[in-house]
Amino acid sequence: MRMLIALIAGMLFGAGLTLSGMTDPHRVRAFLDIFGDWDPTLAFVMGGAIIPMAIAWRIQRRAERPFADASFALPDTVKIDAQLVLGSILFGVGWGLGGLCPGPAVAGLALAPIAVAPFLASLLAGMALHRLTSR
Amino acid sequence: MIAAFPPAQPLAGLIGGLMIGGAAAILLLGLGRIAGVSGLAARAIGLADTGAPRPVAIAFTLGLPLGAAFVALLAGPVEARYPASLAALIVAGLLVGYGTRLGSGCTSGHGVCGLSRLSRRSIVATVLFIASGVVTVATLRVEGWM
Chain Z
0 MRMLIALIAG MLFGAGLTLS GMTDPHRVRA FLDIFGDWDP TLAFVMGGAI
50 IPMAIAWRIQ RRAERPFADA SFALPDTVKI DAQLVLGSIL FGVGWGLGGL
100 CPGPAVAGLA LAPIAVAPFL ASLLAGMALH RLTSR
Chain D
0 MIAAFPPAQP LAGLIGGLMI GGAAAILLLG LGRIAGVSGL AARAIGLADT
50 GAPRPVAIAF TLGLPLGAAF VALLAGPVEA RYPASLAALI VAGLLVGYGT
100 RLGSGCTSGH GVCGLSRLSR RSIVATVLFI ASGVVTVATL RVEGWM
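Same order as they appear, the protein sequences are chains Z and D.
FYI, the numbering for the first sequence is 0 to 134, going by numbering that gives the first Met the number 0.
FYI, the numbering for the second sequence is 0 to 145, going by numbering that gives the first Met the number 0.
Where hints are given, some of them may not hold.
[To be verified] Pairwise CB distance ranges, derived in the manner of DEER restraints:
#1 Ile33(Z) / Ser84(D): 16 to 24 Å
#2 Ala137(D) / Met2(Z): 37 to 45 Å
#3 Pro6(D) / Arg64(Z): 20 to 28 Å
#4 Ala53(Z) / Pro52(D): 23 to 31 Å
[To be verified] Partner residues are not named here, just some residues of chain Z that face chain D (Cβ under 8 Å, in silico):
#5 Ala29
#6 Ile49
#7 Pro51
#8 Gly93
#9 Pro101
#10 Gly102
Source of the hints: derived by calculation from the structure; they are not laboratory data.
Backbone N, C-alpha and C fix where the C-beta goes; we use that ideal spot for every residue, glycine too.
Generate the whole structure from the sequences, applying the supplied hints.
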């Protein structure tokens with residue numbers, strides 16, 4: 000049951016990314032290209048995604064537990080630390096350079112597997128590097 | 000289409016965004032988890048020691064390309080214009096992989112789930128990664144690399 004819910008959520012997420020053009024690196028870079036040919040589509044995607052989630056958070060606050068699991072497992076860190084700042088800046092540089100973030104890159108396996116493969120391989124290498132260096 | 004920004008797809012963006020937010024809402028209210036792709040993908044592949052149960056992370060991560068394939072099947076070929084430079088893609092991947100793990104999230108976890116929760120950490124993260132993305136693209140333009 001839990002795997003089915005996760006699979007459905009993943010499929011809906013991947014379908015939404017694809018339908019909104021977010022699996023097209025050129026379109027994502029065009030959102031970041033405010034001094035060039037700016038394309039605001041990503042702002043509509045972000046805005047659209049925040050609507051159901053804002054409602055979901057309101058429901059979550061009153062819920063005792065999720066409907067298919069024992070308890071909520073949510074981040075409770077509040078500190079704005081150097082890792083958050085540096086990590087987000089590095090991520091942004093890579094995002095601008097490639098036009099890809101993790102969701103569209105994984106979804107891209109079904110759309111442009113050969114084009115996305117080098118990015119995905121180095122994405123995993125980057126994650127592995129963080130794991131090795133943070134121990 | 001917006002007259003001032005010919006390539007923009009506000010309606011498709013909004014509908015796709017609602018689907019993404021709906022998916023994140025299902026994960027939150029169904030399984031009590033944040034739909035953060037960097038964390039779930041790392042967990043699925045075995046590069047994270049904490050987080051969602053592995054079967055859940057694997058199912059969600061596999062769902063992403065399945066959902067994409069579904070749209071491509073129904074709507075026809077999906078545009079995917081990748082940067083021409085292989086070196087740029089490889090460096091980009093390293094930065095995105097390392098950066099999202101160090102910063103505990105990406106566009107989905109901080110951008111969608113965190114912003115809608117009004118998390119201060121996620122607001123800071125989202126402002127920073129958009130700003131550094133804008134500076135990166137502007138730099139590429141100035142240097143004539145795009």
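Comparing the hints with the structure gives:
1. At roughly 22 Å, the beta-carbon separation of Ile33(Z) and Ser84(D) lies within the given 16 to 24 Å, and the hint holds.
2. Here the CB-CB span from Ala137(D) to Met2(Z) is close to 43 Å, well matched to the stated 37 to 45 Å.
3. One distance hint, 20 to 28 Å for the beta-carbon pair Pro6(D) and Arg64(Z), is violated here, with the actual separation near 44 Å.
4. With their beta carbons about 27 Å apart, Ala53(Z) and Pro52(D) fall inside the hinted range of 23 to 31 Å.
5. Hint on Ala29(Z) holds. Least Cβ distance to chain D is approximately 7 Å, under the 8 Å limit.
6. Against a cut-off of 8 Å between C-beta atoms, the interface hint on Ile49(Z) holds, since the closest Cβ of chain D lies about 4 Å away.
7. Because the beta carbon of Pro51(Z) sits about 4 Å from the nearest beta carbon in chain D, less than 8 Å, this interface hint is met.
8. Interface hint status for Gly93(Z): upheld, as the beta-carbon distance to the closest one in chain D is roughly 3 Å, under 8 Å.
9. For Pro101(Z), the shortest C-beta to C-beta distance to chain D is roughly 4 Å, which falls under 8 Å, so the interface hint holds.
10. Nearest Cβ of chain D to the Cβ of Gly102(Z): about 4 Å, under the 8 Å cut. The hint holds.
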